[in-house]
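Read off the chains here:
Protein chains: 2
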Amino acid sequence: MKKLKRSARLVEMTQFLLARPHQLIPLTTFAQRYGAAKSSISEDLAIIKEVFEDEGTGELQTLAGAAGGVKYIPKMGREQALHFIEQLCEKLAEPNRILPGGYLYMSDLLGLPGLMNEAGKLFATAFAGRDIDCVMTVETKGIPLAYATGAELNLPVVLVRRDHQVTEGSAVSINYVSGSHKSLHTMSLSRRALKEKSKVLIVDDFMKAGGTIQGMVDLLAEFNAVVAGVGVLVESGEVETEQRLLRDYVSLATLRAVDAKGKEISVEPGNYFSRK
Amino acid sequence: MKKLKRSARLVEMTQFLLARPHQLIPLTTFAQRYGAAKSSISEDLAIIKEVFEDEGTGELQTLAGAAGGVKYIPKMGREQALHFIEQLCEKLAEPNRILPGGYLYMSDLLGLPGLMNEAGKLFATAFAGRDIDCVMTVETKGIPLAYATGAELNLPVVLVRRDHQVTEGSAVSINYVSGSHKSLHTMSLSRRALKEKSKVLIVDDFMKAGGTIQGMVDLLAEFNAVVAGVGVLVESGEVETEQRLLRDYVSLATLRAVDAKGKEISVEPGNYFSRK
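For the record, the sequence lines run as chains A and B. Using our numbering, you'd call the opening residue of the first sequence number 15 and step up by one each time. Using our numbering, you'd call the opening residue of the second sequence number 15 and step up by one each time.
FYI, nobody ran anything at the bench for these hints, they're computed from the structure. Given the structure is predicted, the values throughout are model-derived calculations rather than measurements. Just to be clear, a hint being listed does not mean it is correct.
Which copy is meant is left open, because identical chains are indistinguishable; a pair holds if it fits in one copy or across any two.
[Stated by the list, open to error] With a cut-off of at most 27 angstroms between alpha-carbon atoms, the simulated DSS-like pairs for lysine-lysine come out as follows:
hint, residue 1, residue 2
1, K105, K211
2, K277, K105
3, K63, K52
4, K105, K209
5, K63, K213
6, K209, K85
7, K105, K213
8, K19, K52
9, K277, K209
10, K211, K277
11, K211, K63
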């Protein structure tokens with residue numbers, strides 16, 4: 015790469031770091047890349063670090079020593095997170111979302127890659143300190159959220175299927191009970207999708223009693239894998255606490271009540287802030 | 015926002031632009047944000063533009079006049095694209111991917127958010143000049159690719175379901191014939207997911223004869239919507255040209271042959287470059 019001036023180098027380093035979250039980049043990589051002294055690179059990184067931290071874009075962790083380098087940890091600052099969650103609640107409360115049976119139409123919001131990426135950044139913030147090997151979700155609507163989270167944490171995504179697919183090879187299937195309706199369902203995971211003893215972050219778009227997520231937890235046990243965390247975009251607050259199968263999770267919004275007759279939806283922020 | 019020095023401003027502007035692809039940002043936005051003169055902002059943008067274009071990160075389009083501003087168009091340079099596609103082909107050709115029936119296990123690759131985002135950037139490069147309202151895919155495996163493409167093009171994603179779901183509201187369902195197996199399937203799209211006359215980019219992970227994609231095309235007709243383009247990660251080259259239902263598409267890789275006995279997979283670059 016050609017030798018760059020500091021101004022150009024700052025632009026290049028910024029985009030290089032943003033494209034590589036949670037990856038340790040040795041200072042020598044930058045020094046060689048730009049034909050610059052390590053001391054200059056350190057000064058550049060100090061400038062980038064200050065902007066990222068002031069802006070709430072994330073942290074720049076510097077590790078000293080021979081194995082040292084710099085790592086970009088995407089994080090959403092408290093103020094931005096609050097703003098995002100308030101906006102999300104407002105959108106979820108739009109009365110035209112009510113469907114027959116009191117269900118909520120959310121596909122338009124789940125269809126916005128930018129919104130999903132922001133939500134993924136929130137989960138990446140909440141789980142940044144945990145030791146995680148991969149992100150897991152069950153098809154279909156939680157998939158964009160799982161990928162957004164995986165991208166920010168630099169982790170692969172493992173996809174649980176509702177049916178056993180020929181393109182997944184041999185698979186482990188389990189039955190699980192949907193907690194609110196008490197109906198029986200099947201989910202299935204390819205044998206080669208998950209290594210034994212993996213530490214898994216479970217992500218989904220919606221949680222009522224938590225039966226589907228409990229199903230994923232049970233499936234993990236079949237792989238001798240463990241839950242490293244659970245994140246849901248929206249939780250239903252209509253479930254009694256003692257009915258909830260799962261207690262340890264992060265939610266961004268809580269659906270308090272859906273009044274189909276009065277056309278009113280009541281949505282509050284989830285437990286994201288109260289857990290901190 | 016506090017007044018920044020040029021060095022810090024360059025870092026901030028770079029991350030601001032990267033987070034907002036295909037969005038017109040007036041120079042006054044930057045001028046106000048940083049308390050800087052428009053002439054300084056223009057100089058900053060010239061530096062960023064040069065780095066982005068040298069690096070193959072994308073283009074920075076400047077529009078002059080009262081409604082003017084700057085727009086970041088993510089694009090992958092030819093050299094990087096070639097490198098990406100070669101690596102993809104190599105990974106697809108790993109012999110342990112062969113499943114009973116000559117199917118290919120691809121879920122590990124489809125589970126890498128970074129790889130999906132790169133592929134999405136390639137589609138965003140190929141379709142950057144087209145007039146598109148949204149990206150469409152059918153569940154399940156094409157979803158991450160569709161979101162990656164949507165994120166780079168700043169477009170929403172519309173998700174076609176295999177079954178009609180209660181959370182989708184009223185929906186339009188069609189039957190379609192899978193071209194290679196001649197079996198009949200159903201797909202369904204929520205009425206409110208797609209506006210009439212939308213121009214739609216169809217994205218999927220795999221195409222054999224093209225029956226599934228033709229199904230999406232037929233579904234679009236039900237919404238008076240039109241196809242603005244078709245992108246597939248892998249196409250099967252085992253289909254005779256006259257058997258292929260679709261002729262106008264962009265593919266990143268072509269699966270030439272799967273020899274289950276000899277444990278050999280032959281993969282070549284798709285038509286991405288030959289179409290340019």
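Outcome of the hint check:
Taking CA atoms no more than 27 angstroms apart as the test, K105 paired with K211 passes between copies only; the shortest distance there is 25 angstroms, against 39 angstroms inside one copy. Only within a single protomer do K277 and K105 lie at most 27 angstroms apart by alpha-carbon distance; the minimum there is 14 angstroms, versus 52 angstroms between protomers. In this assembly of identical chains, the alpha carbons of K63 and K52 lie at most 27 angstroms apart whether taken from the same copy (16 angstroms) or from different copies (26 angstroms). Taking the shortest Cα distances, K105 and K209 sit within 27 angstroms of each other only across copies (19 angstroms), while inside one copy they are farther apart (39 angstroms).
Taking the closest pair of Cα atoms, K63 and K213 never come within 27 angstroms of each other, the shortest separation being 30 angstroms inside a single copy and 41 angstroms across copies. Proximity of K209 to K85 under the C-alpha cut-off of 27 angstroms is restricted to the intra-copy arrangement: shortest distance 26 angstroms within a copy versus 43 angstroms between copies. Taking the shortest Cα distances, K105 and K213 sit within 27 angstroms of each other only across copies (25 angstroms), while inside one copy they are farther apart (33 angstroms). Proximity of K19 to K52 under the C-alpha cut-off of 27 angstroms is found in both arrangements, the shortest distances being 14 angstroms within a copy and 22 angstroms between copies.
Taking the closest pair of Cα atoms, K277 and K209 come within 27 angstroms of each other only across two copies (24 angstroms); inside a single copy the shortest separation is 47 angstroms, beyond that limit. In this assembly of identical chains, K211 and K277 lie within 27 angstroms of each other by CA distance neither inside one copy nor across copies; the values are 47 angstroms within and 30 angstroms between. Neither within a single protomer nor between protomers do K211 and K63 lie at most 27 angstroms apart by alpha-carbon distance, with minima of 35 angstroms and 46 angstroms respectively.
In summary, the structure is inconsistent with hints 5, 10 and 11 from the numbered list given earlier, while agreeing with the others.
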